[in-house]
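Q: Sequence order for the protein chains is Y, G and C.
According to the numbering used here, the first sequence is numbered sequentially starting from 1.
According to the numbering used here, the second sequence is numbered sequentially starting from 1001.
According to the numbering used here, the third sequence is numbered sequentially starting from 2001.
Just so you know, the hints here were simulated from the structure itself, not pulled from any lab data.
Don't take every hint at face value.
Here are the simulated DSSO-like pairs of lysine-lysine, each with C-alpha atoms no more than 27 angstroms apart in a straight line [claimed, not checked]:
#, chain 1, residue 1, chain 2, residue 2
1, Y, 412, G, 1325
2, G, 1043, Y, 412
3, G, 1149, Y, 376
4, Y, 233, C, 2020
5, C, 2124, Y, 412
6, C, 2124, G, 1347
7, Y, 75, G, 1043
8, G, 1422, C, 2020
9, Y, 412, C, 2153
Model, not experiment: these values are computed from the prediction.
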Amino acid sequence: MSDEIRRHNEDLASLDKDYATRYGFQDPVNYFHKGARGINHEVVEMISRMKKEPAWMTELRHAALDIFTAKPIPKWGNSELLSEIDFENIYYFMKPIEHQQSNWDNVPEYIKKTFDRLGIPEAERKFLGGVSAQYESEVVYHSMREDLKKQGIIFLDMDSGLREHPDLVKKYFGTVISTADNKFAALNTAVWSGGSLIYVPPGIDVKVPLQAYFRINAENMGQFERTLIIADKGSRVHYIEGCTAPVYSTDSLHTAVVEVIALEDSYIRYTTIQNWSRNIFNLVTKRASVYGNATVEWVDGNLGSRLSMKYPCIQLMGEGARGEILSVAFAGKDQHQDAGAKVIHVAPNTSSRIRSKSVSKDNGRASYRGLVKVHKNAANTKVSVECDALLIGEDARSDTYPTMEVDNDQVKVEHEARVSKVAEEQLFYLTSRGLTEDDARLLIVNGFMEPFTKELPLEYAVELNRLIELEMEGSIG
Amino acid sequence: MSRSSQKTDTTSEYLIPESAPELLRGPKWLRDARERSRRDFNKSPVPPRGLHLWRYTDPATFLIPHDGPPDSTPDDGVQSSEGPVSEHLEKDSTGRLVHDVGGRDIELHGADALTSRGVVVCRLSEAVDRHRKLVEQYLYQLINSRSGKFEAQNSALWNNGIFIFVPDSVRVAEPIHLLREAGRSGSTQFHRLLIVVGRNAELTVVDEYFGGDDSDRNTSHANSAVEIFGLQESRVRYVSLQRYAHRMNSYLTHRATLERGATMLTVPLDFGGAVSKHNYGVSLVGEGAESNIIGLLFASGRQHFDNHTRHHHAASRTQSNIDFKTVLRDKSTSAYTGLIRIENEAKGCEAYQENRNLLLNRGVRAEVIPELEILNEDVSCTHGATIGPIDPLTIFYLKSRGIEQEAAVRMIVAGFVDSTLKRLPSDVAERVAGFAHRRLEGL
Amino acid sequence: MPDQKALFEFNDIHVEVDGKQIVSGVSLKILPGEIHAIMGPNGSGKSSLSNALMGHPDYAIMSGEAFLDGRSILSMSADERSRAGLYLAFQYPLAIPGVTVANFMRAALQAHRGKDADMSDFRKLFKAAMKALLIDPSFATRYLNDGFSGGEKKRIEILQMSMLNPKMALLDETDSGLDIDALKIVSEGINRFHNDSNALLLVTHYQRLLNYVKPHHVHVMIHGRIVKTGGPELALKLEELGYDWVEAEYAQGTGA
């Protein structure tokens, strides 16, 4: 471990004080099953066996492990930090309880308390159509409203999904993101556990959001959930995920793979508010395939983690398909948010829009890494990319790395980026109206984030504003 | 196509042999530097394709066998008094014109008035002896064996070098026009340019690269390195005009550094060649320095251009501005990567970058990567990029006034180009407008 | 068959934008020397009609016919229509960076006169036309409409009209964005241009311009159709009462 890393770890406790009171508590747990540290073919075999999986999945896992081992650490993003990950020190599978519960009362008290403190059951009562709560490797609680079930909507944790709908899973699993896509997608494919399977039948409009909540509790835990969402023709669905973890002195790993398939004329919105503690490496591959006249929207908020590398991707496969990515990152002290967006225009008459907003504070680093690709056949495409970065503090850092590859002349690609600090005039105006400078700065940051927060359900918007407030206080104090 | 060829550097033919005669040229310090560069070149791998700046151009394009006899003297028959040169000579008989025909003695026209004021314009190989202190102080400071594989190659083997020095407070009013002619078919030229502009001095250089073969003989190569020093409060304008013939691959690295209060205008103009990979970098190391890059690229046929610009703000209150325009037609391709980096200690900087790409037909390909690395909050920085065809509504507007489709397209492209030329100082614009417009002919 | 006496005539024009019908069967006959005005509320389709007649790529004429001087124009490209003598002064003229007003004007006039035509009188004509519209000579070397104010753009549109001297001029909301002084200058330019052998079609929301350029015939367009036609007094009534009463009359008439 380098000195820098050690210092970072020592700093963590004080840094995350606010986070700790809200999310950072740890549960003393007797796990039903706790594997050994490290990764090898036995671990993979064990996971697959415990889940009683079909042979094709077991084989897929083993092949993926070989790819993971063979692939080098990526040279971009933050390879220095990435190479600090000790893959042999991580737990790849922990099963907290024997059976998943659909009745809140049957969930063990300590887990219940965890999710209670995070406000999950309350949210479910209020406005959600279904909730899935994952604790370490497996989903411990899952429920969905009866009326939605009756409409033929499938919303299951991925393990149950594979058991109950093996054909559906086999048909789509790994079709949007192949095992060999990148090192971390391969790792996820080898050891995945939990996540969600969603299928919405043709023409069905799921009017209330479905939510999954991901919680890492144990130190050095690796969480590798796998999510697959299929919206059949003309259907609509909104999926929300939230993530937190307690604060430990050594790092944990969150490596998810999310595959989204929007068939003709469907609509999917996928909202994430990632608020992992600052010792989590958050390395997530998210991609959507969008068919004729369908729409996919990624609404992606990154506040937590030590290093996030996440670039939600949209592949516009069918004519008239539309994609939108709204990405927000807040990089506080010692954080690196390497967030971004990718759109691939394969079919003609497709359009996409990327909006990225980042705030870097103290020595935090927020990077926008983007790709816009227009294939030969994708005539009449429109792409607009807007990146806004706000810097707070002398040592804050912002990077913009957009790549645009255009192979068709009937396109309109526009890219704009701005980097600035909080304007003195704005501060002055607000303080002249009686606000303290801190309040004024917070107001400006909230205003900066507004295009994102206004896309969130109210409860989440309120929560996000509170999180930003905490982040801002941390800097000023 | 050469871009997809699979040459590797493992074959010995691409290594620079110890016996290369260039290595023995010059005084000991220079021979040492050349030898160091040779070793670094031979040691370093060919950059992998995945590597940032090599994603769109195969480095093998610029690998050339070194096992044959060195090739620095072109045969005289090829392009000795090609039209454009004499054209310049006539028009510019009172100006400062330097004609560097592939390593032969350069001709300097109108030099007397300059030399009397202490201005030096001569072959770099001569300067190594005659202005030893200056050359030793500045050569290899910005581009050397550690700058990259092909930079190391140039640092070892440069054979056509020019040295320009302007003493403190001397103002050279007329542009110095360098004509750098490619060697004969299949040859490789290693151009080197070292410019030092003294405190509060002023200089304009038009660096024109031309020649090479239009016929179907072997592809020629040029590997050029340009180092420019703008000392305190100096004003430097540097135009790089590349109008090589079709069978020419050009690799160019340009590095400039600006001291306190210095200003620089860099004008990359890319029209010719088959494959060009040009890298322009300006470091603002002194407070209040200002750099502008105004670039224009016109690609047709199967030409491939890979341009990189870099503005590096290392001092406070420095300003930079980039306007890079690209016009693509036929089956041509362009990649443009523009980096603005503002260091933590560089406060109160302003940096802007604009990149516009005009696609004139199906089959062209444009890649654009405008990058920002901002390491402190006290900045004002924006960049914008657009890629697209001519707006059909603009064409409609012109047609509604009776102008035919083709004429309307020509007019809009000329306007696109002219809005760049208009931003140049008039004496510079005059010199390049002709080439720019000639390039638009036949559109 | 076109009316022999008509300078400009169109029949049963239907226009679609993005697959949506905006103009639903409009016909008009304009004789030499006449000034017509089409008035209507926002979204009535009056601007779409003039753009479509000029051949704007976003406005598709689905059916109908149009004749200029007895020649069918709908199969012509926009530049052919222009050279045939049709002119549209745009509501929102486009900016073309890099192309100066003078170069553009010369190219347009050359196109009208023919490739090899003598252009030695261009400078004189251009200067005079600019002077007549009180346009500062510096505009000659500025890029076309690039950074021009709304009023400057409209003046440049009228400048082009006076130089190209079309037979039939469609003026789309030429009065919008003009202050009272600019409105006077532009109106004078229009009146100077107008004579017994050409004709004007003014497309406008307000009656304002009609105080200065007197129409012989006023048509009211609503929901893509001409629903009422009258003399200058109709414009005054619209100014006073707005469009609601015409809407009401129209709704009654269609039984809606």
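Q: Hint by hint, note whether the structure agrees.
A: Do the hints match the structure? See the list:
1. Using a Cα cut-off of 27 angstroms, the hinted pair residue 412(Y) and residue 1325(G) holds, with the two alpha carbons roughly 16 angstroms apart.
2. Using a Cα cut-off of 27 angstroms, the hinted pair residue 1043(G) and residue 412(Y) is violated, with the two alpha carbons roughly 44 angstroms apart.
3. Among the hinted pairs, residue 1149(G) with residue 376(Y) is inconsistent with the structure: their alpha-carbon atoms are about 34 angstroms apart, more than 27 angstroms.
4. Taken as a hint, the residue 233(Y) and residue 2020(C) pair is honoured in the structure, with Cα atoms around 25 angstroms apart against an allowance of 27 angstroms.
5. A threshold of 27 angstroms between alpha carbons decides the hint, and for residue 2124(C) with residue 412(Y) the separation of about 41 angstroms lies outside it, so the pair is violated.
6. About 54 angstroms separates the Cα atoms of residue 2124(C) and residue 1347(G), which puts this hinted pair outside 27 angstroms; it is violated.
7. The suggested pairing of residue 75(Y) with residue 1043(G) holds, with an alpha-carbon distance near 22 angstroms, which does not exceed 27 angstroms.
8. Among the hinted pairs, residue 1422(G) with residue 2020(C) is inconsistent with the structure: their alpha-carbon atoms are about 43 angstroms apart, more than 27 angstroms.
9. Pair hint residue 412(Y) plus residue 2153(C) holds up; C-alpha atoms about 26 angstroms apart against a cutoff of 27 angstroms.
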